[in-house]
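Q: Dock chain X against chain U, hints included.
Listed here are the chains, written in short residue letters.
There are 2 protein chains.
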Amino acid sequence: MEIFMIIAPIAAILALGYALIAAYGVKKAPEGTDKMKEIAASIRKGASAYLKRQYKTVGVFFAAVFVVLLVLAFVPGLELVSKFTPFAFLTGGIFSGLAGFVGMNIAVTANSRTAFAAEKSLNSGLKVAFKAGSVMGFTVVGLGLLDFSIWYFLTKYAFGLEYAALTNAMVTFGIGASSMALFARVGGGIFTKAADVGADLVGKVEAGIPEDDPRNPAVIADNVGDNVGDVAGMGADLYESYVGSLLSSVALGYAAMSEYFAAEPDKAVWGLLIPVAIAVIGVVASLIGTFFVKTGENLSSKSLLAALRKGTYIASILAAVASVAFILLVNIDWWFLAVAMVAGLLGGVLIGYFTEYYTSDNSKPTKNLAGSTETGSATTIISGLSLGMVSTVIPVVIVSAVVIASYLICGQGTMGFFGIGVAAVGMLSTLGITLATDAYGPIADNAGGIAEMSGMPEYVRERTDALDSLGNTTAATGKGFAIGSAALTALALLSSFINLVDTTSIDLSIMNPQVLIGAFIGCMLPFLFSALTMSSVGKSAQSIVVEVRRQFKEIPGLMEGTGKPDYHSCVDLCTKASLKQMVLPSVITILAPIVVGLILGVPGVTGMLFGAIASGFMLAVMMSNAGGAWDNAKKYIEKGAHGGKGSDCHKAAVVGDTVGDPFKDTSGPAINILIKLLSIVAIVFAGVIEAFPSLF
Amino acid sequence: MEIFMIIAPIAAILALGYALIAAYGVKKAPEGTDKMKEIAASIRKGASAYLKRQYKTVGVFFAAVFVVLLVLAFVPGLELVSKFTPFAFLTGGIFSGLAGFVGMNIAVTANSRTAFAAEKSLNSGLKVAFKAGSVMGFTVVGLGLLDFSIWYFLTKYAFGLEYAALTNAMVTFGIGASSMALFARVGGGIFTKAADVGADLVGKVEAGIPEDDPRNPAVIADNVGDNVGDVAGMGADLYESYVGSLLSSVALGYAAMSEYFAAEPDKAVWGLLIPVAIAVIGVVASLIGTFFVKTGENLSSKSLLAALRKGTYIASILAAVASVAFILLVNIDWWFLAVAMVAGLLGGVLIGYFTEYYTSDNSKPTKNLAGSTETGSATTIISGLSLGMVSTVIPVVIVSAVVIASYLICGQGTMGFFGIGVAAVGMLSTLGITLATDAYGPIADNAGGIAEMSGMPEYVRERTDALDSLGNTTAATGKGFAIGSAALTALALLSSFINLVDTTSIDLSIMNPQVLIGAFIGCMLPFLFSALTMSSVGKSAQSIVVEVRRQFKEIPGLMEGTGKPDYHSCVDLCTKASLKQMVLPSVITILAPIVVGLILGVPGVTGMLFGAIASGFMLAVMMSNAGGAWDNAKKYIEKGAHGGKGSDCHKAAVVGDTVGDPFKDTSGPAINILIKLLSIVAIVFAGVIEAFPSLF
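Sequence lines, in order, name chains U and X. Heads up, this note's numbering is the position in the first sequence plus 120, with the first residue counted as 1. Heads up, this note's numbering is the position in the second sequence plus 120, with the first residue counted as 1.
Don't read these hints as lab results, they were simulated from the structure. Hints are supplied without guarantee of correctness; some may be wrong.
It does not matter which identical chain is used: a pair holds within one copy or between any two.
List of simulated lysine-lysine pairs, DSSO-like, C-alpha gap at most 30 Å [as the list claims (entries may be wrong)]:
no., residue 1, residue 2
1, K765, K484
2, K157, K240
3, K659, K673
4, K673, K765
5, K700, K487
6, K430, K414
7, K765, K659
8, K487, K771
9, K765, K324
10, K487, K696
11, K324, K155
12, K673, K771
13, K700, K484
Bear in mind the structure is a predicted one, so any value in this text is a computation, not a measurement.
With the rest of the complex left out, here is chain U (with noise of 0.2 Å):
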């Protein structure tokens, strides 16, 4: 039955396959006025100079990673890693890179082809800026299969390595990947607020021009932002998710099925077979999902919300029956896995629906908040930190009940945490379309802003308005999604890390001081991380504003329309910004573990890795609903809400989205890199960590 794995590349071959004639689909369609085409053309430049920089400088730290890694592997008397790992690190990164790379490619692409064709009808645009999201999702899913594929079967065949030997190799493989998305969610979502930002502040605040008004010299690098830092930035970290949970599974499973099939090791191998298996037919499904996905005329955001839900709903509906279909016919007693499968699944749809329902204005949160903005400034931060911290609630009631049931359903011990693995597997398995859906977000967003840069009739607007607000619903669900995905994941990957090390002599009672600070330090570090990174935007921002005030004093003629801003410098200014500031957080998160593990052992770094979880969690699903619910509260007063656009009400609820942004689309998704990073770092250096003696 070995030979089954064969599904895994085949899986990977379609997908990747869909994604291209996908991308040849969106290529096709045409690009719209010249007007059009020359403001696509400087976010295009944008983004590529960006991502370019970003591989330099990710490319020196990849460099130096690898030589230790290298030395750490080969050195005889060292060999304290797993002598594959050097070099999986190196294709995780590339891979994760590519995912990106191919994914803000096809965004760029899009945005004008979907204003244009939003021009014939609000379906067509859709059908553009979701077949572009979908290149994405598809592309992520694809090469994170093929990437799994290839070291299966080089480890295996070419080298020879037994199925624990090779698991256990494996599961440190996802560093690449990990590191990857840390830098490409840091660096993109620092960009990505500073220009906004920077944009808004000095355009909409001091100049009093609208929101994408060409004569703004950091509008240009604001779109770009939206690629670099909301399709880029999540791709990586979805690539990452997915290949963790993957990997993390597949090394858990073959622990639990040889404990299972204790007198026919052969058999055991089924515990990689059932992850590939559940990931293969999440592809498939999400596959025939996106052919669900259209719409009518109504510009009502229930009714898009609706296309895409079928799609999604499809897509999952789909991968459950199948996954539990073949898992029961492989061995009708493992319906606990199947259960562990729908478990996660269903966790992920319903942590997706609680993040919209506390984030969408037309719930009661956002509506509540958006009437805080009737006291001012003030009152409109209190309730929205206040909702934020609120909706961290059903996520932690939904994840717990997730790793319980699939634990204590699959019989605890090793096969319990190899339920939790496949919870993890089965939320991401639908990944294609729900990723699709994610990304296409910040293509319609673009697609807005071209509209509005470009002077289209007052109904293309309209259209490409109502694409626009359904993204940032999809952008909140799939933002609960990532973050629900990452702690799933994070906690695998953590039993991972147990079962990887010699855990015989030590003790891992939370009354173990070791435990204990351990876990003190890692709920800190959430904190850390967040406070660095939204600082960063505060810093990148400035230098922003001050370029942006020189171009207005500066440049003749600006202000009227005649003369033309300097796009270029601010874009610039936004890429070097980040990228000098997203090297501080990344150093500390790769650090922390490998710091704490020579202080406080084995004991400790489990400790930190589990307060890193709990508190991330908490933090980055508050400041991503709090974020999403302060944007959309402004945008309900914009619609006509408590004196609409221009009343004090407004002015407050600019406020609440300002201090938002870094929130939700910065130090919030970047948290879920964070604890999952953490807990790669640990499982790569175990080894290390247990050659030195701790302090204990």
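A: Showing chain X alone in chain U's frame:
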């Protein structure tokens, strides 16, 4: 040597005696002009009215819980809690309430007297305010030691309990103090900030009249709030920490010393005597320290701070030297306990120091925060939040270092946990004087208000302003100290809980999903709790806004100063609103450990307690420091920086300050109680949790 325990009631009488004399000293000081008397009387009346109503509401709760405890203790076949617990519950609540009552009474007596004394000299003003603060400080420690002594002698001599039974019973006795403290902190916290925000929103922002203007109908409520929130609430909070740390140390100490003196069980009583001796030494040291508090006529906050610091530092050094000497004289081999005591004391001082660093306008972080007002209120909020988040790092390191050092040095195991308890007692040993400097703050604040309202000459107001500004700093350090000691106390209580339950067949490993999920839920509780308390402030403030607006509209001549505002209705509204709003968060706190215990068993509760301590510590530090920094950034601008009063920067700073108000005075401090009360509830209901089968 058991007779040696007599020092506890002696020290209690000493402390209470000093408090009485100091109170007499305050009363003797002249109360001031008729106008001042009138204002002070209004504040006094409002505060008493609030406290009376609060005690009535809380009384219902206490009666209900008392009955539940009676049932659990005495119904044959149940007997799930100690039969002393119901009665100890009542005395704890009464003593804690009494501490708040006394503190508040002396505070409302001292406010006008401080203002009047400041007319004579700065030193006179400082002396009156500090003397009143020390009444509070010594009442708290005196009543704490008294409650401890009464129950110790009763259970030992009247009921003839063995030490093991006695210490285990007594560790449950903190629940009364904790419950009372929660109500006092939450109710008082909501009151003070609802009044403050409500008064500011209409008075300063809408009507354009200065702070503390007697025409503002909410001005008395605002001043009442300082007393019921910052004085009574803080007193009940620290009473609880003091008693909690002592009770848990004594329980841990007896357990540890019983192991240490396995051959000579008689000597195990040293486990009780040492913490008690440290506490007693602290009382004496604090008393001596108070005599060193005096100042010249230099108005700078630095020189004033030095005056208060001198007293605290002298007390700390004396306490450290005497405690170390005592421990070494008893048994020179117990140097490790001496180290733990010093570590705790030093840790408290250091946390206070760094809190001040992050929140004082003499240092960089707050100055930078003031600078961020240049780009508006949004950046002010972002910078403040990241300042708060970054400021968690050092306190985490300090608490970790104290825990690790005391645990490791004391030889791990039970003795290690006793070490943590000794560190907690050490940190709180000089509470008499630290609380005095802390309670000084709101008294000086009120004095400033009275000086303003009664129209005292400029030079008096300058002096009261200087005293008030110092009060802000001591309030900030006091908050840092309260959080640090709460974390240590909660950890000691957590250890007591583990010590109390039967852990032989229980897996407390962090990889046990019961623990894991418990910790997840625990981590979430402080977020939920903060959200609830913050939105309570918002809701209550809203009702004040409506009332103040009504009065401005309906009372003729109010703005011109010819009409008289109805202060009472605002006080009444605040009282009703805050008492109503305090119920839900309190009930959640008390039910959480029981519900989690019934579902997830002892491991789940352990995880939950730890999760709540860790994330609660972060949130509390973050909120207190962000709030303090916003407050001082505003004051810094008011002194003339960044355009001074009335500038755009000042407006942005006011937004920050308003957000910071519930942060630093409601939600942040209430978290201290949350984490301690959760642990105490778990301890009291340990029998119940163990008696019922959990899901697992």
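Q: Each hint needs a verdict: does it hold in this structure or not?
A: Here's how the hints hold up against the structure:
In the homo-oligomer, the alpha carbons of K765 and K484 lie at most 30 Å apart inside one protomer (21 Å), although the nearest pairing across protomers, at 38 Å, exceeds that limit. Only within a single protomer do K157 and K240 lie at most 30 Å apart by alpha-carbon distance; the minimum there is 17 Å, versus 78 Å between protomers. Proximity of K659 and K673 under a CA criterion of 30 Å is satisfied intra-copy only: 22 Å inside one chain copy versus 45 Å between copies. In this homomeric assembly, K673 and K765 come within 30 Å of each other (Cα to Cα) both inside a single copy, at 27 Å, and across copies, at 29 Å.
Proximity of K700 and K487 under a CA criterion of 30 Å is satisfied inter-copy only: 24 Å between copies versus 39 Å inside one chain copy. In this assembly of identical chains, the alpha carbons of K430 and K414 lie at most 30 Å apart only when taken from the same copy (9 Å versus 74 Å across copies). Proximity of K765 to K659 under the C-alpha cut-off of 30 Å is found in both arrangements, the shortest distances being 29 Å within a copy and 26 Å between copies. Taking the shortest Cα distances, K487 and K771 sit within 30 Å of each other both inside one copy (16 Å) and across copies (26 Å).
For the homomeric pair K765 and K324, the shortest alpha-carbon distances inside one copy (12 Å) and between copies (26 Å) are both at most 30 Å. When the C-alpha separation of K487 and K696 is checked against a cutoff of 30 Å, the pair qualifies only between copies, where the shortest distance is 26 Å, while the shortest distance within a copy is 39 Å. Within a single copy, K324 and K155 get their C-alpha atoms as close as 23 Å, which meets the 30 Å cut-off; across copies the closest is 50 Å, which misses it. For the identical chains of this complex, K673 and K771 are neighbours both inside a copy (25 Å) and across copies (26 Å), given an alpha-carbon limit of 30 Å.
Proximity of K700 and K484 under a CA criterion of 30 Å is satisfied inter-copy only: 22 Å between copies versus 41 Å inside one chain copy.
Consistency note: the structure conflicts with none of the earlier hints.
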